[in-house]
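**Student:** Kindly generate the complete structure, drawing on both the sequences and the hints.
As you go down the protein sequences, you meet chains A, B and C in turn. Our numbering applies: residue 1 is where the first sequence begins, and numbers increase by one. Our numbering applies: residue 1001 is where the second sequence begins, and numbers increase by one. Our numbering applies: residue 2001 is where the third sequence begins, and numbers increase by one.
Don't read these hints as lab results, they were simulated from the structure. These figures come from a predicted structure and were not determined experimentally. Beta carbons are placed, not taken as given, at the ideal position from N, Cα and C, and that holds for glycine. Any given hint could be a false lead.
Straight-line Cα separation of at most 20 Å, PhoX-like style, residue types lysine-lysine; simulated pairs [as the list claims (entries may be wrong)]:
#: 1; chain 1: B; residue 1: Lys-1151; chain 2: B; residue 2: Lys-1130
#: 2; chain 1: A; residue 1: Lys-41; chain 2: C; residue 2: Lys-2151
#: 3; chain 1: B; residue 1: Lys-1217; chain 2: B; residue 2: Lys-1252
#: 4; chain 1: B; residue 1: Lys-1306; chain 2: C; residue 2: Lys-2040
#: 5; chain 1: B; residue 1: Lys-1306; chain 2: B; residue 2: Lys-1217
#: 6; chain 1: A; residue 1: Lys-34; chain 2: B; residue 2: Lys-1006
#: 7; chain 1: C; residue 1: Lys-2040; chain 2: A; residue 2: Lys-32
#: 8; chain 1: B; residue 1: Lys-1130; chain 2: C; residue 2: Lys-2149
#: 9; chain 1: C; residue 1: Lys-2304; chain 2: C; residue 2: Lys-2374
#: 10; chain 1: B; residue 1: Lys-1151; chain 2: B; residue 2: Lys-1043
#: 11; chain 1: B; residue 1: Lys-1006; chain 2: C; residue 2: Lys-2040
#: 12; chain 1: B; residue 1: Lys-1184; chain 2: B; residue 2: Lys-1143
#: 13; chain 1: A; residue 1: Lys-41; chain 2: C; residue 2: Lys-2374
#: 14; chain 1: B; residue 1: Lys-1217; chain 2: B; residue 2: Lys-1255
#: 15; chain 1: A; residue 1: Lys-34; chain 2: C; residue 2: Lys-2151
#: 16; chain 1: B; residue 1: Lys-1175; chain 2: B; residue 2: Lys-1252
#: 17; chain 1: B; residue 1: Lys-1006; chain 2: C; residue 2: Lys-2151
#: 18; chain 1: A; residue 1: Lys-30; chain 2: A; residue 2: Lys-41
#: 19; chain 1: B; residue 1: Lys-1084; chain 2: B; residue 2: Lys-1043
#: 20; chain 1: C; residue 1: Lys-2040; chain 2: A; residue 2: Lys-34
#: 21; chain 1: C; residue 1: Lys-2374; chain 2: B; residue 2: Lys-1006
#: 22; chain 1: B; residue 1: Lys-1217; chain 2: B; residue 2: Lys-1084
#: 23; chain 1: B; residue 1: Lys-1306; chain 2: B; residue 2: Lys-1294
#: 24; chain 1: B; residue 1: Lys-1252; chain 2: B; residue 2: Lys-1280
#: 25; chain 1: B; residue 1: Lys-1237; chain 2: B; residue 2: Lys-1173
#: 26; chain 1: A; residue 1: Lys-41; chain 2: B; residue 2: Lys-1006
#: 27; chain 1: B; residue 1: Lys-1184; chain 2: B; residue 2: Lys-1173
#: 28; chain 1: B; residue 1: Lys-1151; chain 2: B; residue 2: Lys-1217
#: 29; chain 1: B; residue 1: Lys-1130; chain 2: B; residue 2: Lys-1252
#: 30; chain 1: B; residue 1: Lys-1255; chain 2: B; residue 2: Lys-1130
#: 31; chain 1: B; residue 1: Lys-1043; chain 2: B; residue 2: Lys-1217
#: 32; chain 1: C; residue 1: Lys-2149; chain 2: A; residue 2: Lys-41
Pulled a few chain C residues facing chain A out of the computed Cβ check, cut under 7 Å [claimed, not checked]:
#: 33; residue: Gln-2152
#: 34; residue: His-2233
#: 35; residue: Trp-2241
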Amino acid sequence: MDWNAWSYLIFGTTLVVTFLWIIVHFYRPKRKNKVEEPKYKMLDDED
Amino acid sequence: MSLEAKPITFAILSVVVILIGTFVTMFLPLMLPSTQPVSDYIKPYTAVELEGRDIYIREGCNNCHTQTVRPLRTEVARYGEYSKPEEFAYDRPFLWGSRRNGPDLNRIGGKYPDSWHYVHFKDPQSMFPKSIMPAYAWLASRKLDTSYSYKKVSVLGYGYTEEEVNRQIQAYKAKVTSNSYAAKQARDAVTPPELRDQLTEMDALIAYMQKLGRDVKQLKEKEVVRHISQTAPDMIKNPYEGDSRAVEEGAKIFKNNCAACHGEDGSGGICPSLRDNVWKYGSTDQDLFVTISKGRPGGMPDWNNKLGTDNIWKVITYIRTLGEGR
Amino acid sequence: MKDNGYDYSVVRGFAFSALFWLIIGLVVGLWLAAEMVYPKLNLTPWLTFGRLRVVHTNGLAFGFGLAGIFACTYYILQRLTRTRIAFPGLARFHLYLFNIAIALAALSLFAGMNTSKEYAELEWPLDVVVVIMWVIFAINVFATLIKRKEKQMYISLWYIIAMTVTVAVLYIVNNLEVPVNLFKSYSIYAGANDANVEWWYGHNAVGFVFTVPILAMFYYFLPKSTNLPIYSHRLSIISFWSLVFGYLWTGAHHLMLTPLPEWIQTVGIAFSIFLIAPSWGSVVNGYYTLRGRWDLMRSNYLTKFFILGITFYGLQTVQGPTQGLRTLTAFFHYTDWVVGHVHMGTMGWVTMIISASLYYMIPRIYNRELYSVKLANVHFWLILIGQLLYTVTLWIAGIQQGAMWKATNPDGSLVYSFVEVVSAMYPYWYLRLIGGLIYFAGIVVFAYNLIMTARRGAETVSEAQPQTA
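**Tutor:** This is how it looks when you write it as structure tokens:
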């Protein structure tokens, strides 16, 4: 494989891995409460 | 503490994320010379053409006219040779546009004579009643401001000396103010008397119009002429001679494509009358065919791609019914 | 409302600035639509189509759009951080500078001082003013964020941060130019490069002015006005990162089949298709928020603005990538179709959401009920019908226009001259003008309703109760 093909491969793989990591990170069940907390908090401000 | 609780880190990360796509699709091409190649056959604008271009920008012409012919068959037929990257090496800013309320202008240079443009800018609806283009007659009552011309070409790095810039301006002024200027009548009709011996904004804009695509066209010209002179002998006879339906169809084609210059009834206007018995380039059907399909110097565009052989014969059939033109 | 020390004066200022520039921009737009069918309306040089179109786009995108965005940002920012704005004086200066800049922008564009680069037409002295204004805004955003009392940042704040940093990068890079004098400059990029930089900017102006901050409003005001939490904060986070990553790659879909290197075009369209996913992430999030509570579409007058708005956003983000595909762009590009496309986004999505956000904020800022919910409903239906008439008409016009441009005889020659195609468009352009007038009528009702709310709305306060229709 030439330089071009390698750079495509590395870049593509990095993107996929990063994307999967983001999903896994935010969707882990034990993080659920923390990640979802702001959506409830924003509703109960003073007015 | 997680990322969603650290605004500054978050902002920096956002910048990094947006810069990835920016780098690949924008910075990288900027650094590659192949994105905007430079070629010998494309010349920079003269000082007058550049002033015309700045008027084009000032009036926002790019909001209705594109300047890039796409490599599509019908587009090439309508406008001419498709646009090449090297043509734009001197375009700062680019003027490709995004909408065609009016036709593409990348190949307008040399398509029509100067007189066509003077008449058209003065009152587009006089040539095309359904045109939606604004009238720009007032450009002819404004003297061209050339006080920044030299500074402009210096900023753009066109490499002209101040003397060259002045010479270009004087030369173009001499051309359009001369009594032998082919478009004198049309120019005088729109230019107020006190500005007839000056350069006006309209003069500069027309200079710019005539520059668009000219260099590419000149490169192509020899080839095209040879091609048509080889095919012409095959078309010995007008297949529609005396056909009354062809006359009707020819009349319609004439109205939509030819009448703006040659007059509604063919009695002339910007371009010669087709009713008198004067034929500058020969009077046989074959002569007319060559004239229409490949164009003639001084203003006749080449209609071969746009109309096609069949329609050209129909138009000729119609022209033959006009006045003394028989 | 308790006195919690929030500074709303600048929110008020920007809200009514938005309203003012909205009316101006729409009047100019109507004039342009009329010029398309009565070219004689190009009465004076400064009223010619070429100059006026730029006043229309800048007036609405930046005069109305940005003012609405600033109003909502200053509001959302304070509420979500539970913190008074860091520098209220600076924010007020921002308000004055913004209105001066937009007024000068309009005047200079009327006068023909423009750089020709779409949505970046302002000449260099005004570019400098815009950058200063943006820095002032950014200082307030980040200072308020730093001293915030609420630790976790809700998704709307993410979008606000992304807008703040990205618009700065976009605007500065695209507007690099060499001055000739005070009123004239030349871009530092040439030809294909200038085109590429411009549409990198142009498309992301759509992304980070017409999408990102509007999503911030959507994610904040939809839950607030329905009292329902957003369906999934996690999904909004995934959508966020995909969106801000993907957007920057897509500018070249505006330059398909031009002399720009082919690979940039291909990358551009590939990422445009990719963007459908995060866009629909937000759409789905909006729809699912209402699960089991779709009755709110009838009983809560604001809900339908948000849901119709996000629906048009969803349609827009499918239509956009589709029309960028090579075979389709060959047909649709440069026709009225694209004008229809843009106006679905601006009239259907951006204006719907900003309108609804102002309806939410203004009564709360003035501590009273909205002047008339009935009028708000009239406003809704007028802008919905006006927008649909406008966009659907232009889609059909674009299809006919594209087909006529491409029509050939059996021998390969063209069937229609350019001006014949123009003549065929007149009926559509009349209809578009009518669509625009209906839309404008809706906006007049909107303006009246907000002004009356500010002047003499009912003096009662609803404690977190959504107003009912």
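**Student:** Against this structure, judge whether each hint is valid.
**Tutor:** Right, here's what the structure says about each hint:
Pair hint Lys-1151 (chain B) plus Lys-1130 (chain B) does not hold up; C-alpha atoms about 41 Å apart against a cutoff of 20 Å. A distance of roughly 11 Å separates the Cα atoms of Lys-41 (chain A) and Lys-2151 (chain C); the hinted pair therefore holds under the 20 Å criterion. Note on Lys-1217 (chain B) and Lys-1252 (chain B): the hinted pairing is violated, with a Cα-Cα distance of about 29 Å set against a maximum of 20 Å. For the hint pairing Lys-1306 (chain B) with Lys-2040 (chain C), the CA-to-CA distance comes to about 30 Å; that exceeds 20 Å, so the pair is violated.
With a C-alpha separation of about 16 Å, the suggested pair Lys-1306 (chain B) and Lys-1217 (chain B) falls inside the 20 Å cut-off, and the hint holds. Of the pairs offered as hints, the one joining Lys-34 (chain A) and Lys-1006 (chain B) holds, with about 15 Å between alpha carbons and a cut-off of 20 Å not exceeded. Distance hint between Lys-2040 (chain C) and Lys-32 (chain A) is unfulfilled; the C-alpha atoms sit about 63 Å from each other, more than 20 Å. In summary, the hint linking Lys-1130 (chain B) to Lys-2149 (chain C) is not supported, as the alpha carbons are separated by about 64 Å, beyond the 20 Å threshold.
Of the pairs offered as hints, the one joining Lys-2304 (chain C) and Lys-2374 (chain C) holds, with about 14 Å between alpha carbons and a cut-off of 20 Å not exceeded. In summary, the hint linking Lys-1151 (chain B) to Lys-1043 (chain B) is supported, as the alpha carbons are separated by about 19 Å, within the 20 Å threshold. Simply put, Lys-1006 (chain B) and Lys-2040 (chain C) have alpha-carbon atoms about 58 Å apart, too far for the 20 Å limit, and the pair is violated. Our distance criterion of 20 Å between C-alpha atoms is met by Lys-1184 (chain B) and Lys-1143 (chain B), whose separation comes to about 17 Å.
Restraint check for Lys-41 (chain A) and Lys-2374 (chain C): the C-alpha separation of about 32 Å exceeds 20 Å, so the hint is violated. For the hint linking Lys-1217 (chain B) to Lys-1255 (chain B), the alpha-carbon distance of about 27 Å lies beyond 20 Å, and the restraint is violated. With a CA separation close to 12 Å, the supplied pair Lys-34 (chain A) and Lys-2151 (chain C) stays within the 20 Å bound. The hinted pair formed by Lys-1175 (chain B) and Lys-1252 (chain B) fails the criterion: a straight-line CA distance of about 37 Å is larger than 20 Å.
Note on Lys-1006 (chain B) and Lys-2151 (chain C): the hinted pairing holds, with a Cα-Cα distance of about 9 Å set against a maximum of 20 Å. Of the pairs offered as hints, the one joining Lys-30 (chain A) and Lys-41 (chain A) holds, with about 19 Å between alpha carbons and a cut-off of 20 Å not exceeded. Between Lys-1084 (chain B) and Lys-1043 (chain B), the direct Cα distance comes to roughly 14 Å. Compliance with the 20 Å bound is thereby established for this hinted pair. This hinted pair does not check out: Lys-2040 (chain C) and Lys-34 (chain A) have alpha carbons roughly 63 Å apart, beyond 20 Å.
Proposed proximity of Lys-2374 (chain C) and Lys-1006 (chain B) is contradicted: the alpha carbons are some 43 Å apart, above 20 Å. Taking the CA atoms of Lys-1217 (chain B) and Lys-1084 (chain B), the gap is about 12 Å. The hint holds against a cut of 20 Å. For the suggested pair Lys-1306 (chain B) and Lys-1294 (chain B), the alpha carbons sit about 11 Å apart, so the restraint of at most 20 Å is met. Taking the CA atoms of Lys-1252 (chain B) and Lys-1280 (chain B), the gap is near 24 Å; set against the 20 Å cutoff, the hint is violated.
For the given pair, Lys-1237 (chain B) sits about 47 Å from Lys-1173 (chain B) by alpha-carbon distance, which is inconsistent with the 20 Å threshold. The straight-line distance between the Cα atoms of Lys-41 (chain A) and Lys-1006 (chain B) is roughly 18 Å, inside the 20 Å bound, and the hint therefore holds. For the proposed pair Lys-1184 (chain B) and Lys-1173 (chain B), the alpha carbon gap of about 12 Å is at most 20 Å, so the pair holds. Restraint check for Lys-1151 (chain B) and Lys-1217 (chain B): not satisfied, since their Cα atoms lie roughly 30 Å apart, outside the 20 Å limit.
Between Lys-1130 (chain B) and Lys-1252 (chain B) the CA atoms are separated by roughly 15 Å; this keeps the pair inside 20 Å, and the hint holds. With a C-alpha separation of about 13 Å, the suggested pairing of Lys-1255 (chain B) with Lys-1130 (chain B) holds against the 20 Å cut-off. Using a Cα cut-off of 20 Å, the hinted pair Lys-1043 (chain B) and Lys-1217 (chain B) holds, with the two alpha carbons roughly 13 Å apart. For the hint pairing Lys-2149 (chain C) with Lys-41 (chain A), the CA-to-CA distance comes to about 12 Å; that is within 20 Å, so the pair holds.
Taken as an interface hint, Gln-2152 (chain C) checks out: its beta carbon lies about 5 Å from the nearest beta carbon of chain A, inside 7 Å. The criterion of a C-beta within 7 Å of any C-beta in chain A is met by His-2233 (chain C), whose closest approach is roughly 5 Å, and the hint holds. With its C-beta approaching chain A no nearer than about 6 Å, Trp-2241 (chain C) sits inside the 7 Å limit, and its interface hint holds.
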